[in-house]
Amino acid sequence: MEALLGLLSVGSLLFVGWYWGARRRAQHRESLTLRERELQHVRVSNSKHYRGAPTHAPQLVSVELVWGIDRFQAFLAALVNLFGGELESVSEVLARARREALVRLKAQAHAAGYDALANLRLETADIGNDPQQRDLKVALLGIATAYRQLPSDR
Amino acid sequence: MIVVNTESVAGYRIQKVLGLVQGNTVRAKNFGRDFLAGLKNIVGGELSEYTELLTESRQQATQRMLDEAVRLGANAVINVRYSTSAVTAGAAELYAYGTAVQIVPEG
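Here the protein sequences line up with chains A and B, keeping their order. Position 125, counted from 1, in the first sequence is what my numbering calls 125; the numbers after and before it change by one each time, with no gaps. Position 32, counted from 1, in the second sequence is what my numbering calls 32; the numbers after and before it change by one each time, with no gaps.
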């Protein structure tokens, strides 16, 4: 009886993760596409120097992001981990979290009146994992310098 | 104070390099935040409790770095970098560092 209850609770967690996780992923992708389109005028580069408009002092912009991987995707990742191969669910979450981080950096720059990001750095952060490894999550740190482009560069 | 992560500041000339400035902080997750984030993680998505924690850490480490730059008489910090490391399970360090300089507008 206890084993059956345990199985049921694990099954329901997986179901909730699968159902709501998929919905949230779809909503997030949609919102990302929209915001990326709105901010596409903000030019991004990872070069270490930038020629910006001298009338506007540059400004550092940064972003932090911790993103969780739903129980169902985590379960799939654990299965793949047994046999080896690409953890597609984890790759997808990381790629989407990076897109989100970049959009937030662009939004910060745009809100402060800038239209270019130079020396973009996006790295995963080590935030101290759960010792029991119950939850899968990724942390990102992003940093860039916001500039106002020269009229000739626009 | 102009703070950038590029190696130079467009429109300005570096007059004097004052040296490395740094700031760090080690923060631990608390039980309440951990519990909420654990519940949210069932369906995935942003774990805002941890994001906020990381933001607070970054702000504090940056402020410590800037305080040092002010003490040195800098008006800009260039080449700023952030790095993180887990010092123990559930606690992590955020370290900010850069080069304090004095800059003057070009021309």
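These are computed hints drawn from the structure, not numbers from a lab. Be careful, since some hints might not be right.
What the hints assert, rightly or not - Below, in silico cross-link-like pairs of lysine to aspartate or glutamate (EDC-like), each with a Cα-Cα straight-line distance of 20 Å or less: (1) Lys48/A - Asp135/A; (2) Lys40/B - Glu92/A; (3) Lys29/B - Glu49/B; (4) Lys29/B - Asp135/A; (5) Lys29/B - Asp126/A; (6) Lys29/B - Glu46/B; (7) Lys48/A - Glu106/B; (8) Lys40/B - Asp135/A; (9) Lys48/A - Glu7/B; (10) Lys16/B - Asp67/B.
Hint check results:
Proximity of Lys48/A to Asp135/A is assessed by CA-CA distance (about 36 Å); at most 20 Å being required, the pair is judged violated. Using a Cα cut-off of 20 Å, the hinted pair Lys40/B and Glu92/A holds, with the two alpha carbons roughly 19 Å apart. A hinted pair counts as satisfied when its Cα atoms are at most 20 Å apart, and Lys29/B with Glu49/B qualifies at roughly 9 Å. With a C-alpha separation of about 15 Å, the suggested pairing of Lys29/B with Asp135/A holds against the 20 Å cut-off.
Restraint check: the Cα-Cα separation between Lys29/B and Asp126/A comes to about 13 Å, which is no more than 20 Å; the hinted pair holds. With a CA separation close to 16 Å, the supplied pair Lys29/B and Glu46/B stays within the 20 Å bound. For the proposed pair Lys48/A and Glu106/B, the alpha carbon gap of about 19 Å is at most 20 Å, so the pair holds. With a C-alpha separation of about 10 Å, the suggested pair Lys40/B and Asp135/A falls inside the 20 Å cut-off, and the hint holds.
This hinted pair checks out: Lys48/A and Glu7/B have alpha carbons roughly 6 Å apart, not beyond 20 Å. The straight-line distance between the Cα atoms of Lys16/B and Asp67/B is roughly 18 Å, inside the 20 Å bound, and the hint therefore holds.
Checked against the numbered hints listed earlier, the structure breaks hint 1 alone; every other hint is satisfied.
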